[in-house]
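Asks: Given the coordinates of chain A, work out where chain B should sit on it, guided by the hints.
Top to bottom, those sequences are chains A and B. For the first sequence, our numbering begins at 1 and goes up steadily by one. For the second sequence, our numbering begins at 1001 and goes up steadily by one.
Check the hints yourself; a few may be wrong.
[Unchecked claim] Under the rule of at most 25 Å between Cα atoms (straight-line distance), these lysine to any residue pairs were calculated in the SDA-like manner:
#1 B:K1325 to B:L1238
#2 A:K336 to A:S471
#3 A:K415 to A:S471
#4 A:K167 to A:L246
#5 B:K1106 to A:K336
#6 B:K1325 to B:K1247
#7 B:K1335 to A:T33
#8 A:K167 to B:L1114
#9 B:K1170 to B:P1131
#10 B:K1335 to A:R29
#11 A:K336 to B:Y1230
#12 B:K1160 to B:Q1200
#13 B:K1170 to B:D1255
#14 A:K167 to B:M1111
#15 B:K1325 to A:Q40
#16 B:K1325 to A:R29
#17 A:K167 to B:E1113
#18 B:K1106 to A:R165
#19 B:K1106 to A:E258
#20 A:K251 to B:E1298
#21 A:K167 to A:T353
#22 B:K1335 to B:E1298
#23 A:K336 to A:R29
The hints are simulated quantities; they were obtained by calculation from the structure and are not laboratory data.
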Amino acid sequence: MDEQWIQSVGIDVGTSTTKMIVSRLRLGRMSSTFSLPRYQIVERQLLYASKVHTTPLHGFDEIDADAIGAILQKEYEQAQISLGDIKSGAVIITGETASKKNAQHILHLLAERSGDFVVATAGADLEGVLAGKGSGAERRSVAIQGTIVNVDIGGGTANAACFHRGKAIATVTFHVGGRLLRLGPQGEVQYVSPNIQAWLNAKGLSITVGEVLTYERIKDFSIQMARGMLDYLSGRERQVSGLLVLGQPLKENVSVDELSISGGVGQLMSAPTPETISDVSRYGDFGPMLAWALRQEREAGTYPMQWIDPEQTVRATVIGAGMQSTEISGSTVHIKAELLPIRNVPIVKLELTEGHLGDPQQLRREVSDVYDLALRLFEKTTGSPFALAISGITYCSYSLLQTIAEELSQQYRQKFAESRTMIVVCETDMAKALGQALALRCKGQPEIICIDQVRVEYGDYIDLGEPISGSIIPVIVKTLAFDEAPQKGV
Amino acid sequence: MERQLDFLVDKVLEQLEKKLGEMGSGSAKSQASGASHAGIAAAGEQTAAQEASNRQTANQPTGTEALASASAAAASTAFSQAHSGEGAGLNASTEPERISQVPNPKYREGMQELLASTPARIGVWRAGVRPLTKTMLQLRRDHAAAVDAVYGEVSEETLKEFSLFTVETKYDNTENYLKRPDMGRIINDEGVRLLEERCQKKPQVQIVVSDGLSASAVDANLRDVLPSLYDSLQSYGLSWGTPFFVKGGRVASMDHIGEILQPEVLVMLIGERPGLVTANSMSAYMCYRPRKGMVESERTVISNIHRQGTSPVEAGAHIGTILSKMLEQKASGVKLVL
Chain A
1 MDEQWIQSVG IDVGTSTTKM IVSRLRLGRM SSTFSLPRYQ IVERQLLYAS KVHTTPLHGF
61 DEIDADAIGA ILQKEYEQAQ ISLGDIKSGA VIITGETASK KNAQHILHLL AERSGDFVVA
121 TAGADLEGVL AGKGSGAERR SVAIQGTIVN VDIGGGTANA ACFHRGKAIA TVTFHVGGRL
181 LRLGPQGEVQ YVSPNIQAWL NAKGLSITVG EVLTYERIKD FSIQMARGML DYLSGRERQV
241 SGLLVLGQPL KENVSVDELS ISGGVGQLMS APTPETISDV SRYGDFGPML AWALRQEREA
301 GTYPMQWIDP EQTVRATVIG AGMQSTEISG STVHIKAELL PIRNVPIVKL ELTEGHLGDP
361 QQLRREVSDV YDLALRLFEK TTGSPFALAI SGITYCSYSL LQTIAEELSQ QYRQKFAESR
421 TMIVVCETDM AKALGQALAL RCKGQPEIIC IDQVRVEYGD YIDLGEPISG SIIPVIVKTL
481 AFDEAPQKGV
Chain B
1001 MERQLDFLVD KVLEQLEKKL GEMGSGSAKS QASGASHAGI AAAGEQTAAQ EASNRQTANQ
1061 PTGTEALASA SAAAASTAFS QAHSGEGAGL NASTEPERIS QVPNPKYREG MQELLASTPA
1121 RIGVWRAGVR PLTKTMLQLR RDHAAAVDAV YGEVSEETLK EFSLFTVETK YDNTENYLKR
1181 PDMGRIINDE GVRLLEERCQ KKPQVQIVVS DGLSASAVDA NLRDVLPSLY DSLQSYGLSW
1241 GTPFFVKGGR VASMDHIGEI LQPEVLVMLI GERPGLVTAN SMSAYMCYRP RKGMVESERT
1301 VISNIHRQGT SPVEAGAHIG TILSKMLEQK ASGVKLVL
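In isolation and in its complexed conformation, chain A is listed as follows (with noise of 0.2 Å):
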């Protein structure tokens, strides 16, 4: 097999708005013929993006699945793809839209009408790394020094990624969206998010519902929430703007050189001056006017931070599930493909130094800690409480190598006697004979899934699909979390 295609499917269920796009990744031979296999997705084509539709839903907090379900059907009809050619690919159920009281549910039907291999998840930090590689933040990353942050800016919530050198390395999420102030033709107040009460009262600012707002109080408003959250971004002020946080505050130590802004209200963001209060109303909520606010600010330049234009507003998460959220595993890796696919399962870290490597003893303590860790968060299951991830091995010698195998499958069928396939994720290039040296130890009990080169971190979730051509794994992983480690041995 020199290359290969594999069909992958994006869909974005929003607070506002749905999208769906269907792309094509190529695999590519990397190595010479004289070397180990090794492949990489070398080539990402978007084949079919949909309009963006509104998102139906019934009343202000259910999802409409049967509408959901007849649009899709009508856009997989339109782009003239079978759900049996889709191989890959993510369902992304966003913003205030996820807590939403039937997401999980929509979510899980979703993600079977699509395809074999198709992830269904939410999560405002996987989103927002989503859209920063949907609007090409990520790559443009690599290109330079300092650290770019996309906010993906929709109906519900604002999703920021920072992403240095190519690698996603924060993330925060605001209540900031056109839909947390709905808006009737006239600019009565139909809807206030709760989530913003705080903030607004820090402020001494007051909406309540049935009041009819001015232009001007709207362009206040707007101003206001949009200098919030950068301030927040530059870290010029966090106190207040700190109310707008949903979840963990951004990491410290984070200073961002550059910025772009996509999402729905990314897009809005070139549209003309909304100069009367029907053009802000338009959409029936207030995003117009954030737009602009944001507009002002940019021209304005106040913030130490270049404004960049990102390469795709509107659709940056859907193209970033569709086209991005796929990894390809190395290709010398250990694998029984009749247990595959293989989802939603969580990465525990076996990070190794060299006292460890030098010292079986050390090692041993090392293996008890992050199993008994496991022990603690995960159920108990019949099928992989966990995916351990090694790193921290530069060299990994023979006898190093039946050490760590030793120690690695004696402890897990003692303390998870009950799993029947252990998964080990490597950062190097090991994973065949780590594998191989497993399975010569457990016999089939647990089975062995070893695979390497990706990467992987605390929080993560990855999902594994079927073989391509054998012996490659196409690999999801869902980043859920930068916070920190948790505390081992407590």
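Replies: Same frame as chain A, now just chain B:
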């Protein structure tokens, strides 16, 4: 021979410079005892060296005669170092961390990324239009390691560890080996007799180890590649015959071995022509039913097996996969579909 001479002359000069430097500052006595510790030099030479240094202390600067005898002592030191076995090879593989020599680079992080992306000598800076002394010395050291690898011998311990007995080709000596590749492709009569006597005939897998152009490649990698390969064969349920070592072997000696032992598949782990990045690189050549008259396109190869290249344990595991595919498809080389 010319290369070897160059190499020895370089070594001698290096030692000489060092010794002269020491003589300038240190006492003659400690100097002389240092020289006698260093080598397994012949007694006569040692005395000469002592005499020479005594004379030097009495009567500086040195005359040509003293220079000559001092260089003889140094030569013996160099000789003994070159033959002290695997020590040299292992030292070469524990590389110091590579750092950029560029003073105050504009983008330090980027410089580090570039360095991490290649083993090539980049970011070495310059002195005028020439390389820095440090860079130059490193280059010459690496070149010397390459030469050592060609002229070195696989250590007995390595062979003993894996119970490999030795057969030789018709190479005769290293000089001839380099000039007459054809002779390295034929096992000598004694070797043929040994193979027939000691090896299992018609095995499923025959494993052969050879020094080829780098003995240190075998010393450095066999411990990791071979057991991993055994594990892999075991996982695939394959059986193997009696492994052995071929001294002075060329890749195509597998054809002759194939004629004698008639294995289904054969894998030869052989030292590669050393380069300046590493002198310890090994290749695995594999073929289905090796026999006389095989063409090169019928061989499958995994090359560049060493610490900084293809991971030895991973290579060992993958060789097993390739061999099992060869057995399945009854083919090797370009006809094999991997």
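Asks: Look at each hint and say if it fits the structure.
Replies: A quick look at each hint next to the structure:
no.: 1; hint: B:K1325 to B:L1238; in the structure: holds (11 Å)
no.: 2; hint: A:K336 to A:S471; in the structure: holds (10 Å)
no.: 3; hint: A:K415 to A:S471; in the structure: violated (30 Å)
no.: 4; hint: A:K167 to A:L246; in the structure: holds (22 Å)
no.: 5; hint: B:K1106 to A:K336; in the structure: violated (49 Å)
no.: 6; hint: B:K1325 to B:K1247; in the structure: violated (29 Å)
no.: 7; hint: B:K1335 to A:T33; in the structure: holds (13 Å)
no.: 8; hint: A:K167 to B:L1114; in the structure: holds (16 Å)
no.: 9; hint: B:K1170 to B:P1131; in the structure: violated (43 Å)
no.: 10; hint: B:K1335 to A:R29; in the structure: holds (18 Å)
no.: 11; hint: A:K336 to B:Y1230; in the structure: holds (21 Å)
no.: 12; hint: B:K1160 to B:Q1200; in the structure: holds (19 Å)
no.: 13; hint: B:K1170 to B:D1255; in the structure: holds (14 Å)
no.: 14; hint: A:K167 to B:M1111; in the structure: holds (18 Å)
no.: 15; hint: B:K1325 to A:Q40; in the structure: holds (23 Å)
no.: 16; hint: B:K1325 to A:R29; in the structure: holds (19 Å)
no.: 17; hint: A:K167 to B:E1113; in the structure: holds (13 Å)
no.: 18; hint: B:K1106 to A:R165; in the structure: holds (16 Å)
no.: 19; hint: B:K1106 to A:E258; in the structure: holds (20 Å)
no.: 20; hint: A:K251 to B:E1298; in the structure: violated (57 Å)
no.: 21; hint: A:K167 to A:T353; in the structure: holds (23 Å)
no.: 22; hint: B:K1335 to B:E1298; in the structure: holds (7 Å)
no.: 23; hint: A:K336 to A:R29; in the structure: holds (22 Å)
Comparing the model with each earlier hint shows violations of hints 3, 5, 6, 9, 20; every other hint is respected.
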